[in-house]
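Undergrad: The lines below spell out each chain.
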Amino acid sequence: MPFAPRPALRRRLLPLLAGGVLCLVAIGAGLAMLKPARPAPGVVVAAPTAQGPSAASTGSAARAVAAPEALRAEVPLLDAQQWAQLQQSLAGHPQADAEAARIIELLAYQRSVQQFRAERLAGAGASDPTLVALARRIDEGLDARIANGEVSGPEAQRLKAALLEVLEPDASRRAEALAAWRQAQLTAHPPQTDPRDTQLLQAQQVVVARWRREAPAGAAPDALVAQLEELRQRIYASPSTNQGKTP
Amino acid sequence: MIDRPVSSLLRRLLAALALLLLAPWAHAAWFIWETVELPLSSGAACGNGTPYRFFVNRTPLNNHLAITFEGGGACWDQDACEGVGAYSATNPDGIPADYMSLPNSAAGGLVTPFSARVDPFEGVRTQDWTLVYMPYCTGDVHTGNLVHVYNDKRPDQPRVQYHRGQANVKAAADWMRQHLGRPGNMLLTGFSAGGVGSTANYAILRDKLAPKGRATLMADSGPMMNAPRGNTKEQSPSQPLHELIRASWGLDLPGGMIPTLMAKLPGLDFNNMGSLNGALARHYPKDRFGYLLFQQDGIFSGFSYLDFFPDIANETDPEKQKQMLNVLWRQDIAAWLPSLDAEPNISYHVPFFRDFNESHCLTIVDFSGTGIQEKGIVSAGTFVNNGLDRKPPMRNVEQDQVSDLTQPLSIALEILAIVLDIFG
Chain Y
11 MPFAPRPALR RRLLPLLAGG VLCLVAIGAG LAMLKPARPA PGVVVAAPTA QGPSAASTGS
71 AARAVAAPEA LRAEVPLLDA QQWAQLQQSL AGHPQADAEA ARIIELLAYQ RSVQQFRAER
131 LAGAGASDPT LVALARRIDE GLDARIANGE VSGPEAQRLK AALLEVLEPD ASRRAEALAA
191 WRQAQLTAHP PQTDPRDTQL LQAQQVVVAR WRREAPAGAA PDALVAQLEE LRQRIYASPS
251 TNQGKTP
Chain U
25 MIDRPVSSLL RRLLAALALL LLAPWAHAAW FIWETVELPL SSGAACGNGT PYRFFVNRTP
85 LNNHLAITFE GGGACWDQDA CEGVGAYSAT NPDGIPADYM SLPNSAAGGL VTPFSARVDP
145 FEGVRTQDWT LVYMPYCTGD VHTGNLVHVY NDKRPDQPRV QYHRGQANVK AAADWMRQHL
205 GRPGNMLLTG FSAGGVGSTA NYAILRDKLA PKGRATLMAD SGPMMNAPRG NTKEQSPSQP
265 LHELIRASWG LDLPGGMIPT LMAKLPGLDF NNMGSLNGAL ARHYPKDRFG YLLFQQDGIF
325 SGFSYLDFFP DIANETDPEK QKQMLNVLWR QDIAAWLPSL DAEPNISYHV PFFRDFNESH
385 CLTIVDFSGT GIQEKGIVSA GTFVNNGLDR KPPMRNVEQD QVSDLTQPLS IALEILAIVL
445 DIFG
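Sequence lines, in order, name chains Y and U.
So the number in the working numbering is just where the residue sits in the first sequence, counting from 1, plus 10.
So the number in the working numbering is just where the residue sits in the second sequence, counting from 1, plus 24.
So here's chain U without its partners, still in its complex pose (with noise of 0.2 Å):
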């Protein structure tokens, strides 16, 4: 009479702790790649308008979480927006509910290690990790909280842009959190525009999720460069840039990515959006910041500068405009790593020139080619090892302006970089 209580009563706590434990697993498929449709409600929307899908691959054996942010381009007019031409925003036609298994999903497949459980180029300690993948079909790297209708190139066909990145990422924080619960150590990752949303929803993530570990952000090629506002674009290269992805992709209105970070990040400065990276790093002084690019990114300035100094856009000889392009890049540089020195949790990785991808990205394919030799470091791996295990900050930038240019890259780099000639 008396063990029928006391074991009801311990049954039920038992069940109720068991409940408690496995709340945010129950019925998780683990080790396969689930994907995850956002509802309309939440705002969530790809560019086209279609619901925003991304992918998780969960493991049971720990609570680490990587979150990878896809790059691919970015647009403020009609045909960039539609995928057309060379800078032109990845995915216009949204996500597919199977998205991850195709191979030419991802920047036409050359993805990167952070969102693989089986690599055979790249062991990175988070592949071990719950694995979640944000697709970019938004063209406003992660960022955007406004509809525009662009018909500057066909006005009778206008095109409705759904600029949503930002409500997509505080949807999938929402979904991440109720589902996979706090996590111990989390990565926040990118490449190229996923490196911009890595960085920008950095906070967002952060706060959302509260992991009870390491926070750690690897923002590959997606620079938030200095731009203050009132500077000239001789000044401030990527200036203008901001300025009119501000109004864009409404960075500026009420619930948008500054507004949002404004009264998350009180060292953000209202006029400079590059004024981000130091507000991140003293806002969580505990969380370790990580920036990588190469000196000779050919496509990220691009972006940042075709559009906005004619000189350049009009300069018919390639190997010349990548000259020019170059000149502004390396200035936003220089004044972009001493303002990244003031800060104790910041590293960042600045390697020369990969013969792959106009050296845009060092994480997608592998890290061949990302090394700094005259620093004894083989690859971006011993620098994304040095965020992981809270080693001190390293600050790399590659003096030697040759020998990169006839360093051995990996097989793999070369046999995707001509199966994409193939493919184009």
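The shape of chain Y in the complex, shown without the other chains (with noise of 0.2 Å):
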């Protein structure tokens, strides 16, 4: 028995057993609440899940056994290597779990983008009711989505133009919920200011005056660049106190 695990080896691949059950019961969790909004052959359908915390946030065991195989070949939204590998990319992570189901979540709403695309490619019209229900699914979900920055502002507005084109039949009232959305995006996001940037631009207006004032007609910038250059240093070594996250 060469490959048989000593009893002292096998005492600690029982936790990594028990962690891979775990996780077994995770992926089991994560699937088992997406529902299928309307099966369709060769179109994979995911409901979005802004409508409650999941079960795997939620740790729902039961849930999580009862989950049936036949859903996750239906959905397969992760296959097994995915899930390892989203599994091995978490480890460690302080909220491993949460961070898992915000995935999941993601995706199934990703999911329903998809779908939404396809129906429309296959000829739905605005009048189609599973493609109102489903609109209004993801519209529901786009907040949660932008909150989360998992969607830039842009993605964003491309988002709420297509789904409008489902939910408000009127052109011009569809182009003014647009224009509303997105005067709306802009006042809850004012853009951030550096105070050191305003801080950089009025030295650097002191130090061209200067250049242009001293240096000999015709010198060559190098001194100003320079000048500059150390200026930058100098006024971004202090930490600004509305910086975005810097991984």
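Please keep in mind that the hints were generated in silico from the structure rather than gathered at the bench.
Only a predicted model underlies this, so the values are computations on that prediction, with no experimental measurement involved.
Some hints here could point you the wrong way.
[What the hints assert, rightly or not] Quick list of the computed label-pair ranges, beta carbon to beta carbon:
| hint | chain 1 | residue 1 | chain 2 | residue 2 | range |
| --- | --- | --- | --- | --- | --- |
| 1 | U | Ser427 | Y | Gln209 | 52 to 60 Å |
| 2 | Y | Arg146 | U | Pro290 | 54 to 62 Å |
| 3 | U | Pro283 | Y | Ala233 | 51 to 59 Å |
| 4 | U | Gln397 | Y | Asp138 | 22 to 30 Å |
| 5 | U | Thr256 | Y | Pro231 | 28 to 36 Å |
For glycine and all other residues, C-beta sits at the position ideal for the given N, C-alpha and C.
Build the complex: two chains, separate frames, hints provided.
TA: Put into structure tokens, the structure is as follows:
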């Protein structure tokens, strides 16, 4: 038995095995929350899960155990390898379960949008009740995606435009609705300002004015560039009070 | 007693392996747009001197990478660098850390399916890859290497313009290599100025990131036309533009784009920036290079010729002016395409017209109206997939000069056109 684990090693493997089982439970739970909105041949459907906390995040073991394999096959949101990759990528994450749940919800949302696109390409009209229901669900989940930083502003705008095409039949009201949404987004997210930027611009003017006063005509601007660079380094050496995430 | 050292060694090996595998992904946030601010010590800067920031949206599910270069004008005078005028450079005030959350960012919010995860209009396979978005704030089509003081408009308040596009790309490439590792497949794309930027910086990113799989370029509406030095502008209408930007943006200076590319690409002709297309194709024979543009592009042609052909600039009839620009544009295209034909790994897609954004850019918003029906090509999506799939190169030039004028476009383009009209 050259490959049989030794007792000590076996003891160490037990937690790993238990972790693996938990992973399977979690994937089952994650997949269990994905209900097909309108199953169609060749079209994988997954409902957005903004309605409530997911099984994965609440650890609903009963629901996880009940997750049928058929659903997993029918809704290959993640295959086994991808799930393993996701789990590995979250190893050591302080909120791994919540993060996994968020990602699965996003992937489900992505699938819903893919289905929306497929339905439109297949010729579903704006009055199609299934399409309307799908559009409404996607619309309801959009704010959460924006808040999570999962979709960009322009991406959200395109999505909103597509949804309004279905949800607002009147062309002029549709344009007004998109404009209003856009304005609301701009109001809700005023551009971040960094006070160091203003400081830099003002200081640059001073440096350039001095250089133009003092440098001989036709002088190479190397000295000016060096001064400007020193200025940038100095001003941005102090931390901003208003910075985005920098991984 | 024997178990301990063996298991300890095993544990250490496993830990080391895990660290090795996970190192590029440590502390990664998946499927979220993250801001990366490049260190000033790298030379990176936006046009006004503020820090350059780009954006990353990672996936743990594959190791492929799609990099999009933003477009938005260019500048070689004070007004344009400060964002004044129809053709002025975008983001003159720099890139805020929350840029990606703003609906009016990225060319007024038009963006492209290549930088989207959830897209209701276009499904592009790279939407499942790790996405990198390179904003544009330097006015130099991501290529510059010079700090220029422009005072032609307001001498008392000069504009200090950091044409640092190339430093931004180099520093971003370093960051990507360090934090994302070597990608599997890699796509470089960009629209308008980003189309030029993706082409000009292809070799820098390609060499730094060293993708293990397929590397592909899809450059939209930013052609590097053939314009040999020594030719007159009547022979090569883009020649004056190329000459001006070489000087204004420091492309020929030590460390500038031309010397950098000359060192990498033996086939590059110092006296013809348009030779970059062929030089890239020959240097990376297994890569695929795709170029897209409209025959009626009214914006890139404006950039290319208005400042250099006074008779066109002085034309008061807008329609006639457009026609005059288009004559030169088509002359440049006619000289350009045969040079691309010589390379077996170059494709191009040149439809006639799209009634949106003056037929400038095929990949913004969606691909509707970018097909070539006479060839059975529904949209530019077919062309993109052809390149990613390594199918025989496509050389698509639409002959029909009528049907596109009345072709229906997607409702998205129509709605967004209305909204942009409202918001200016």
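Undergrad: Give a verdict on every hint.
TA: Evaluation of the provided hints:
| no. | hint | verdict |
| --- | --- | --- |
| 1 | Ser427/U <-> Gln209/Y: 52 to 60 Å | holds, 56 Å |
| 2 | Arg146/Y <-> Pro290/U: 54 to 62 Å | holds, 58 Å |
| 3 | Pro283/U <-> Ala233/Y: 51 to 59 Å | violated, 23 Å |
| 4 | Gln397/U <-> Asp138/Y: 22 to 30 Å | holds, 27 Å |
| 5 | Thr256/U <-> Pro231/Y: 28 to 36 Å | holds, 32 Å |
Hint compliance for this structure: hint 3 alone is broken.
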